[in-house]
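Chains A and B, in that order, give the protein sequences.
Using our numbering, the first residue of the first sequence is number 260, and each one after it goes up by one.
Using our numbering, the first residue of the second sequence is number 2, and each one after it goes up by one.
Just so you know, these hints were derived from the structure itself, not from any lab.
Values in this document were obtained by computation on a predicted structure and should not be read as measured data.
C-beta atoms are modelled at their ideal positions from N, C-alpha and C, and glycine is treated no differently.
Any given hint could turn out to be false.
[Said to hold, decoys possible] Each computed SDA-like pair below joins lysine to any residue, with the alpha-carbon atoms no more than 25 angstroms apart:
| hint | chain 1 | residue 1 | chain 2 | residue 2 |
| --- | --- | --- | --- | --- |
| 1 | A | Lys374 | B | Glu170 |
| 2 | B | Lys186 | A | Asp335 |
| 3 | B | Lys186 | A | Leu388 |
| 4 | B | Lys186 | B | Phe101 |
| 5 | B | Lys186 | A | Ile313 |
| 6 | A | Lys374 | B | Met169 |
| 7 | B | Lys186 | A | Glu412 |
| 8 | B | Lys186 | A | Glu370 |
| 9 | A | Lys364 | B | Glu170 |
[To be verified] Stretch-level coverage of chain A by chain B, calculated; a stretch enters the list once three of its residues show a Cβ under 8 angstroms from a Cβ in chain B:
| hint | stretch |
| --- | --- |
| 10 | 328 to 338 |
| 11 | 353 to 365 |
[To be verified] With beta-carbon atoms standing in for the labels, derived distance ranges:
| hint | chain 1 | residue 1 | chain 2 | residue 2 | range |
| --- | --- | --- | --- | --- | --- |
| 12 | A | Ser376 | B | Leu133 | 54 to 64 angstroms |
| 13 | A | Asp335 | B | Leu133 | 35 to 45 angstroms |
| 14 | A | Pro298 | B | His115 | 38 to 48 angstroms |
| 15 | A | Arg327 | B | Leu72 | 52 to 62 angstroms |
| 16 | A | Phe274 | B | Arg10 | 49 to 59 angstroms |
| 17 | B | His115 | A | Leu331 | 38 to 48 angstroms |
| 18 | A | Thr470 | B | Leu108 | 30 to 40 angstroms |
| 19 | B | Leu108 | A | Phe274 | 15 to 25 angstroms |
| 20 | A | Arg327 | B | Trp181 | 18 to 28 angstroms |
| 21 | A | Leu331 | B | Val120 | 52 to 62 angstroms |
| 22 | B | Trp181 | A | Val278 | 28 to 38 angstroms |
| 23 | A | Val278 | B | Leu108 | 20 to 30 angstroms |
Listed below are the residues making up each chain.
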Amino acid sequence: MRGIEVRLEGLSKHFGRVVALRSLDLEVRAGEMVAFLGPSGCGKTTTLLLVAGIYRPTTGAIYFGDRRVDGLHPRDRDVGMVFQSYALYPHLTLFENIAFPLRLKRRPEAEVRAKVSQTAELLGIGHVLDRRPGQVSGGQQQRAALARALVKEPQVLLLDEPLSNLDAQVRLQARAEIRRLQRDLGVTTILVTHDQAEALAMADRVAVFSTGEVQQYATPLELYQRPQNTFVAGFVGHPPMNVVRGRLEDGTFEADGWRCRVPRLSYRGEGYLGVRPEDLRVGGEVEARVLVAETLGREQLVTVRVGATELKLLAAQADGFAADSVVKLDIPPDRVHLFDAAGRRIG
Amino acid sequence: MPLLPVRWRWLVASGFLLCAPIVAGMAWLVLTALFDRVHGLVPAGPLAPENWAFVGSPSVGGRPPAVVALLNSVLFSFAVAAVAIVVASMAAYAISCLHFPGRSLYLAVVLVLHAFPAVSLLIAIFYILRVLGLFDTLVGVILVKTALELPLGIWLMKGFFDFLSWEMEMAALVDGMSRWGVFWKVALPMVRPGLLALGTFALLSAWGEFILPFTLIVSSRSWTLATYLQSFLTEAFTDFGMVAAVGLFYALPVLVLFGLGQRYLLNLYGGGVKG
Ligand SMILES: Nc1ncnc2c1ncn2[C@@H]1O[C@H](COP(=O)(O)OP(=O)(O)O)[C@@H](O)[C@H]1O
Ligand SMILES: [Mg+2]
Numbered sequence: 260m261r262g263i264e265v266r267l268e269g270l271s272k273h274f275g276r277v278v279a280l281r282s283l284d285l286e287v288r289a290g291e292m293v294a295f296l297g298p299s300g301c302g303k304t305t306t307l308l309l310v311a312g313i314y315r316p317t318t319g320a321i322y323f324g325d326r327r328v329d330g331l332h333p334r335d336r337d338v339g340m341v342f343q344s345y346a347l348y349p350h351l352t353l354f355e356n357i358a359f360p361l362r363l364k365r366r367p368e369a370e371v372r373a374k375v376s377q378t379a380e381l382l383g384i385g386h387v388l389d390r391r392p393g394q395v396s397g398g399q400q401q402r403a404a405l406a407r408a409l410v411k412e413p414q415v416l417l418l419d420e421p422l423s424n425l426d427a428q429v430r431l432q433a434r435a436e437i438r439r440l441q442r443d444l445g446v447t448t449i450l451v452t453h454d455q456a457e458a459l460a461m462a463d464r465v466a467v468f469s470t471g472e473v474q475q476y477a478t479p480l481e482l483y484q485r486p487q488n489t490f491v492a493g494f495v496g497h498p499p500m501n502v503v504r505g506r507l508e509d510g511t512f513e514a515d516g517w518r519c520r521v522p523r524l525s526y527r528g529e530g531y532l533g534v535r536p537e538d539l540r541v542g543g544e545v546e547a548r549v550l551v552a553e554t555l556g557r558e559q560l561v562t563v564r565v566g567a568t569e570l571k572l573l574a575a576q577a578d579g580f581a582a583d584s585v586v587k588l589d590i591p592p593d594r595v596h597l598f599d600a601a602g603r604r605i606g
Numbered sequence: 002m003p004l005l006p007v008r009w010r011w012l013v014a015s016g017f018l019l020c021a022p023i024v025a026g027m028a029w030l031v032l033t034a035l036f037d038r039v040h041g042l043v044p045a046g047p048l049a050p051e052n053w054a055f056v057g058s059p060s061v062g063g064r065p066p067a068v069v070a071l072l073n074s075v076l077f078s079f080a081v082a083a084v085a086i087v088v089a090s091m092a093a094y095a096i097s098c099l100h101f102p103g104r105s106l107y108l109a110v111v112l113v114l115h116a117f118p119a120v121s122l123l124i125a126i127f128y129i130l131r132v133l134g135l136f137d138t139l140v141g142v143i144l145v146k147t148a149l150e151l152p153l154g155i156w157l158m159k160g161f162f163d164f165l166s167w168e169m170e171m172a173a174l175v176d177g178m179s180r181w182g183v184f185w186k187v188a189l190p191m192v193r194p195g196l197l198a199l200g201t202f203a204l205l206s207a208w209g210e211f212i213l214p215f216t217l218i219v220s221s222r223s224w225t226l227a228t229y230l231q232s233f234l235t236e237a238f239t240d241f242g243m244v245a246a247v248g249l250f251y252a253l254p255v256l257v258l259f260g261l262g263q264r265y266l267l268n269l270y271g272g273g274v275k276g
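Start from the sequences and build out the full structure, keeping to the hints where you can.
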């Protein structure tokens with residue numbers, strides 16, 4: 260099973276007056292795993308269904324390799340898809356569910372049996388194949404859905420929030436499993452998720468969506484280190500980045516009631532300063548009042564007030580942060596992200 | 002089974018009480034059909050097989066043989082049920098699962114159609130059937146009766162289709178099914194209880210239908226049991242024993258059908274489909 264390159268060109272989708280997706284250009288390399296990340300309602304599923312062939316694009320083109328596929332029926336596209344609800348057939352056993360795509364292709368019985376049990380073994384559900392979806396756990400249902408998508412050895416695998424219905428424990432395990440499987444099979448994969456940790460952990464590259472548009476398409480590390488705008492800055496990373504509105508002057512950032520030093524830029528005027536909770540330190544010159552400290556286990560998340568602004572910082576559990584005490588914050592100039600008045604990154 | 006709480010027992014008891022007149026009516030029908038004379042609900046005479054003479058007689062007073070009327074009724078009812086199932090399920094699927102212009106208007110119009118009493122349409126229907134050459138034919142009455150059953154059937158089936166998992170149908174498409182295949186092999190099997198309910202209602206409604214066959218059919222060879230029964234009531238001298246026997250003859254096939262299908266029906270309604 261070798262993956263194929265997927266290219267979306269000027270892709271848009273309108274539902275009546277609702278614009279679910281506006282002019283998307285994006286390319287997924289052969290064998291790559293790409294995550295579509297964004298809050299709910301921003302067009303991720305719509306994009307996936309366009310690739311699968313369930314929806315017809317309003318404008319634009321979809322290519323698998325050199326082949327243009329946006330006019331093709333889903334069955335002629337050679338994609339496997341796992342739906343958010345898994346969409347297993349409740350009246351069929353897991354075996355028959357997984358065999359379903361092969362039966363539709365009228366494959367010989369021996370081949371069907373061999374392929375189904377091979378795929379099921381790969382996913383660790385070989386022992387529950389005679390049960391129905393309602394008789395197995397959520398994790399097993401999820402794997403059965405994945406097996407059904409993989410059994411026909413598709414060139415493109417589409418996963419719509421495949422882990423969102425699992426408990427936290429199973430989810431972590433499934434994350435690693437899907438990633439390993441995807442690497443081994445080399446199938447080009449698009450994963451839709453609203454969970455930024457999932458996207459960063461699993462994907463080679465992440466496309467961050469917001470209201471029908473891709474805000475940034477980059478590797479997880481680059482998203483974390485150089486968010487292109489305030490939306491990505493606030494969405495990627497946990498706990499989220501502090502984003503503060505204020506004025507940028509020559510080498511300083513001035514907010515409501517406080518200021519700090521930042522790298523020199525040619526830009527002056529209204530803008531935003533972003534700083535991650537893990538980059539904030541105690542021991543600088545910005546005076547802050549502690550509001551509350553929440554224990555996260557190894558660390559604590561401390562909310563402080565600086566002037567009229569609330570900031571969050573991650574600190575070691577051992578550091579004492581008594582409520583109402585005053586601390587001096589260090590906002591390291593080399594760790595801040597600066598954005599212009601429209602929220603675009605400037606430094 | 003645990004005993005019902007006292008308050009509920011009252012409810013059940015009053016339920017039985019409300020059913021009592023119907024039960025009494027049925028008892029009277031059965032007894033009158035079987036015995037020579039009946040006082041109240043007590044047989045007061047010998048068995049009266051002569052009440053059932055109509056079953057074997059070729060044709061009396063312009064009536065067709067009973068068997069012909071029976072066959073017509075069976076044909077009429079099953080045809081109505083079959084056509085209603087096919088048309089209503091397809092229309093309901095389109096309304097529920099497909100997007101097309103004028104969808105909500107269509108749904109509203111269907112409901113308004115149901116609000117029309119059939120009787121108020123009789124004259125118009127009469128002319129239409131005349132023009133189409135379907136007046137005085139069983140096919141004509143079948144079409145009319147089916148059309149009248151459709152609004153309710155479409156709404157009923159829409160309710161079932163609305164509960165179908167859209168993702169499941171899309172999964173079947175991605176797995177390689179055609180759009181038609183999805184309707185036949187994924188959607189329809191999951192609404193089987195609905196199809197069965199619709200079929201049962203349409204069948205019973207057609208079996209009991211009187212006005213349509215009575216006004217739209219003249220030739221006795223196309224009579225259904227309802228018109229056949231009615232013809233006994235309009236005679237100068239009404240033989241209640243025979244009328245009761247014909248009535249029982251009319252009710253019997255439905256009772257037999259229920260007896261045979263009961264277990265199956267209960268299973269289907271109780272089983273349902275869960276994801
Ligand atoms: N079939 C549809 N008809 C009308 N609007 C739709 C349809 N599918 C999606 N939308 C709208 O398009 C937008 C994007 O939806 P979707 O792609 O499902 O978001 P996501 O998967 O990112 O949560 C939403 O505003 C949604 O209401
Ligand atoms: Mg979605």
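Each hint, compared with the structure:
For the given pair, Lys374(A) sits about 23 angstroms from Glu170(B) by alpha-carbon distance, which is consistent with the 25 angstroms threshold. Among the hinted pairs, Lys186(B) with Asp335(A) is consistent with the structure: their alpha-carbon atoms are about 19 angstroms apart, no more than 25 angstroms. Proximity of Lys186(B) to Leu388(A) is assessed by CA-CA distance (about 22 angstroms); at most 25 angstroms being required, the pair is judged to hold. Restraint check for Lys186(B) and Phe101(B): satisfied, since their Cα atoms lie roughly 22 angstroms apart, inside the 25 angstroms limit.
About 18 angstroms separates the Cα atoms of Lys186(B) and Ile313(A), which keeps this hinted pair within 25 angstroms; it holds. Pair hint Lys374(A) plus Met169(B) holds up; C-alpha atoms about 22 angstroms apart against a cutoff of 25 angstroms. Proposed proximity of Lys186(B) and Glu412(A) is supported: the alpha carbons are some 24 angstroms apart, at most 25 angstroms. Restraint check: the Cα-Cα separation between Lys186(B) and Glu370(A) comes to about 23 angstroms, which is no more than 25 angstroms; the hinted pair holds.
Taken as a hint, the Lys364(A) and Glu170(B) pair is honoured in the structure, with Cα atoms around 17 angstroms apart against an allowance of 25 angstroms. Note: the stretch 328 to 338 of chain A has 4 residues with beta-carbon separation from chain B under 8 angstroms; the three-residue rule is met and the coverage holds. With 4 residues bearing a CB less than 8 angstroms from a CB of chain B, the stretch 353 to 365 of chain A meets the requirement of three and the coverage assertion stands. At roughly 60 angstroms, the beta-carbon separation of Ser376(A) and Leu133(B) lies within the given 54 to 64 angstroms, and the hint holds.
The given range of 35 to 45 angstroms is respected by Asp335(A) and Leu133(B), whose C-beta atoms sit roughly 44 angstroms from each other. Taken as a hint, the range 38 to 48 angstroms holds for the pair Pro298(A) and His115(B), whose Cβ atoms sit roughly 43 angstroms apart. Restraint check, Arg327(A) to Leu72(B): a C-beta distance of roughly 60 angstroms satisfies the suggested window 52 to 62 angstroms. Taking 49 to 59 angstroms as the suggested C-beta distance range, the pair Phe274(A) and Arg10(B) conforms, at roughly 55 angstroms.
For His115(B) and Leu331(A), the Cβ-Cβ distance of about 42 angstroms falls inside the hinted range of 38 to 48 angstroms, so the restraint holds. Distance hint for Thr470(A) and Leu108(B): a CB-CB separation of about 32 angstroms, consistent with the stated range 30 to 40 angstroms. Between Leu108(B) and Phe274(A) the beta carbon distance is about 19 angstroms. The supplied range of 15 to 25 angstroms therefore holds. Between Arg327(A) and Trp181(B) the C-beta distance comes to about 26 angstroms, which sits within the given range of 18 to 28 angstroms.
For the pair Leu331(A) and Val120(B), the supplied restraint of 52 to 62 angstroms holds, since their beta-carbon distance comes to about 53 angstroms. Checked against the hint of 28 to 38 angstroms, the C-beta distance between Trp181(B) and Val278(A) comes to roughly 31 angstroms, which is consistent with it. A hinted range of 20 to 30 angstroms for the beta carbons of Val278(A) and Leu108(B) is consistent with their spacing of about 27 angstroms.
Comparing the model with each numbered hint stated earlier shows that all of them hold.
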